[in-house]
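J.: Starting from the known structure of chain Y, arrange chain D on it as the hints suggest.
Protein chains: 2
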Amino acid sequence: MTVATDNDDLQSTLMIPGPIRLSTDVQNALGTPSISHTGTHFTKTFQSALLKLQKLFNVEEKEGYLPFVISSSGTMGWDLVGNNLLSSSDTDCNNNALVLSTGFFSESFYLCLQSYASNKSTVDKIVAPLGTSDFDEAELIAKLSSKKYRLVTITHVDTSTATLVDLNKVVKVIKDTSPSTFIVIDGVCSVGCEELDLGKLKGIDFVFTASQKAIGVAPGLCLGIISPRVVDFILNENKNNIRGYYTNLTKWLPVMQSFIKNQAKYFATPPVQLIHALNVSLSGILKQGVTKRVEEHKSKSDWFKDKIVNDLKLKLVSQPGYGAHGLTAIYVNNPAELLKKIGADGIVLAGGIHKDIKDQYIRVGHMGVSIENGDLEKVYEALKKNVIQ
Amino acid sequence: MTVATDNDDLQSTLMIPGPIRLSTDVQNALGTPSISHTGTHFTKTFQSALLKLQKLFNVEEKEGYLPFVISSSGTMGWDLVGNNLLSSSDTDCNNNALVLSTGFFSESFYLCLQSYASNKSTVDKIVAPLGTSDFDEAELIAKLSSKKYRLVTITHVDTSTATLVDLNKVVKVIKDTSPSTFIVIDGVCSVGCEELDLGKLKGIDFVFTASQKAIGVAPGLCLGIISPRVVDFILNENKNNIRGYYTNLTKWLPVMQSFIKNQAKYFATPPVQLIHALNVSLSGILKQGVTKRVEEHKSKSDWFKDKIVNDLKLKLVSQPGYGAHGLTAIYVNNPAELLKKIGADGIVLAGGIHKDIKDQYIRVGHMGVSIENGDLEKVYEALKKNVIQ
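Residue numbers (the UniProt record's numbering), protein chains in the order written: chain Y, 1 to 389; chain D, 1 to 389.
If we strip away everything but chain Y, and leave its shape as in the complex, we get (with noise of 0.2 Å):
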């Protein structure tokens, strides 16, 4: 999509939703020299590293949850899913998607899983009301039972829209209709500011999510966990379906073991500062207490939220009850117009990119250490000031 630059400058803040700012620490991290990718010193850095992914999760280890951290952009995590989960023989009528859809991210994996269906499988779509993540239940229990579906995906949020889906709620229907299905998270714009506890809420199988959101660190990394039946799937089952090497769980999914025990493995070089940036992130969010930052963030966006619709008056994308709580999609007047004043006085924010609504509304990005120091009060006042002007 071609969007429109925007005039920033380097001392701005940045208040997108991801990248997101750094901590000090994390920056740090980040510029460090290269070393051994095979050494010890990151060995023991990506085992850390792994090992928080558990804990982030509340997974025992256990329990068999098997996490990833690989070099690429989020996007690569449809492809993990499409390439690993739904690539089958062309006489397998088993393969079969639904994707619960809330906006342009989760329409966009619709599309990537189709490009990886055989011709024997289909990928459905249920789409909510814009702005909620109302899946009409009939419906969905209808759909699941009509088919054998290997997978079901579920865009906890979709950045698009800032809409929040209730996982408590799908996760069980989905369950109880559908045991066998996989149940598949987008948890791009989720992990690590909304609650996504897989202790807590059985039958999730797999997650992804990008560093540069609320992981807090710079984009590079996709990383996650994977249930063990899905490894075994993978490992077992489904080896022989899955195409080429970069995408290709096969590959990966060794690497992550042999280096959760302390041991290293090849298959392709790691980003070594980055997977040092995202343990030490790690490290600042498990300190912290993944449940206060899941509460720290809903108060933050809670409070942003009511001072944008009860003081500036102005209405949100997401319908009461549906919002994430990492970022605020606002209807406004000529948005563009606004990101650029908004951006003369220093803050750095994001424009629409629901095709539906696209040149309507704005986003704020609240992750991380942005709703630490002020700086979402800074928005709001800078909201204030242009909005009302």
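Rather than coming from a laboratory, the hints here were simulated on the basis of the structure. Source: prediction; values computed, not measured. In this text, a Cβ means the ideal position worked out from N, Cα and C, and glycines have one as well. There may be inaccurate statements among the hints.
[Unchecked claim] Reference excerpt, derived from the structure (chain D facing chain Y, CB under 7 Å, subset only):
| hint | residue |
| --- | --- |
| 1 | Pro19 |
| 2 | Leu22 |
| 3 | Ser34 |
| 4 | Thr40 |
| 5 | Ser71 |
| 6 | Ser72 |
| 7 | Met76 |
| 8 | Cys112 |
| 9 | Gln114 |
| 10 | Ser115 |
| 11 | Ala117 |
| 12 | Val170 |
| 13 | Thr269 |
[To be verified] If you want a taste of the chain Y side facing chain D, the calculated C-beta under 10 Å gives, among others:
| hint | residue |
| --- | --- |
| 14 | Ala142 |
| 15 | Gly244 |
| 16 | Gln360 |
| 17 | Gly374 |
T.: Relative to the frame of chain Y, chain D by itself:
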């Protein structure tokens, strides 16, 4: 592949064939704040890096060679070739590939391509005798005349054997025998330290490399350049045969075409810090002059190889006249023991990875910063001390 975990030290001198040491400028560029991936600053930086890549390969802007930079390891280069050039409809018999193999990495390229070939096509290979790039010319001509090859791949330097391919010779044979065949160069251990001048040596269609080799950046980028006829083939003739998103160049090439004109375009969030670091590193390389840089690598490599062979009386894996200039592979007794001793002297070298001779040799990287400040001399002294001991 499971590898020995080197007992490195953060103060050690890193002399493996990638990741290589960073210059201070590049390291500083890496440790900078995140900025908007669609903002004026990043757009300008990305444009600048892309234009510099054209200069690195000595092609004029107007000739239409399209550079690309993607967040991933260099390994993804194989998938970019497989998915975009080799994929075809099942009835197409013209999508055969020929791999010219000089070691472990050529072999991996071969295996990766196989997984993209349709039922009607084959991936063939010609293997040069170990330590040489002696491809039998008659065999090459016979193969190329026997059926229609969509592409031939050449691993310019195979990092497993430190063997260099004489491109002038091979490219001419391919062009003369089968001019419609795309010539693909795996330049992972060559771009930035070996001569690869697309302005002088006409006929090369696709080159890729990784950021952590002679380009002098941290790991995390796959980058390269594509000829106009291959850009056209991907975006038009073959577009419907290319699967998925992340390794699908119909998604990426329009992004590169846009940024090179200083216009942001979104497909996946680019790694802003890594691209900033790339831009800084390319500035340094172009300032030095590519020809001069290649000569300096050659001269330092010749000096080192001469000392190893004539003073230390050790044997190289590469046969005389076939040695790469960014690394040296040396047969030694008990490599694991030697690497440990050298490690204790504060230098990190790499072990062998070619399956036939895996436990018989070591590898020394000498790319970029490492050849400028006496590091290779230190390696020689350490080898001398520990080999003669």
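J.: Now tell me, hint by hint, if it's right for this structure.
T.: Checked hints:
1. Among the interface hints, the one on D/Pro19 holds; its C-beta lies about 4 Å from the nearest C-beta in chain Y, closer than the 7 Å criterion.
2. Interface restraint check for D/Leu22: the shortest CB-CB distance to chain Y comes to about 6 Å, inside 7 Å, so the restraint holds.
3. Look at D/Ser34: its Cβ gets to within about 4 Å of chain Y, closer than 7 Å, so that hint holds up.
4. With its C-beta approaching chain Y no nearer than about 5 Å, D/Thr40 sits inside the 7 Å limit, and its interface hint holds.
5. A distance limit of 7 Å between C-beta atoms decides the matter here; for D/Ser71 the minimum to chain Y is near 5 Å, and the interface restraint holds.
6. With a least beta-carbon distance of about 5 Å to chain Y, the hint placing D/Ser72 at the interface is held under the 7 Å criterion.
7. Checking D/Met76 against chain Y: minimum C-beta separation of about 4 Å stays under 7 Å; hint holds.
8. Restraint check, D/Cys112 versus chain Y: the minimum CB separation of about 4 Å is within 7 Å; hint holds.
9. The beta carbon of D/Gln114 is not positioned within 7 Å of any beta carbon in chain Y (closest approach about 10 Å), and the interface hint is therefore violated.
10. The restraint placing D/Ser115 at the interface with chain Y holds, with a minimum CB-CB distance near 5 Å, inside the 7 Å limit.
11. Annotation: interface hint on D/Ala117 violated; nearest CB of chain Y at approximately 10 Å, more than 7 Å.
12. For D/Val170, the suggested interface contact is broken, since its CB lies about 24 Å from the closest CB of chain Y, more than 7 Å.
13. Using the Cβ-Cβ criterion of 7 Å, the hint placing D/Thr269 at the interface with chain Y is satisfied: the shortest such distance is roughly 5 Å.
14. Because the closest C-beta pair between Y/Ala142 and chain D is about 30 Å apart, greater than 10 Å, the hint is violated.
15. Checking Y/Gly244 against chain D by beta carbon gives a least distance of about 5 Å; that is within 10 Å, so the hint holds.
16. With a cut of 10 Å, the hint placing Y/Gln360 at the interface with chain D is violated, because the nearest CB-to-CB distance is about 18 Å.
17. Look at Y/Gly374: its Cβ only gets to about 17 Å from chain D, farther than 10 Å, so that hint breaks.
Hints 9, 11, 12, 14, 16 and 17, counting from the list given before, are not met by this structure.
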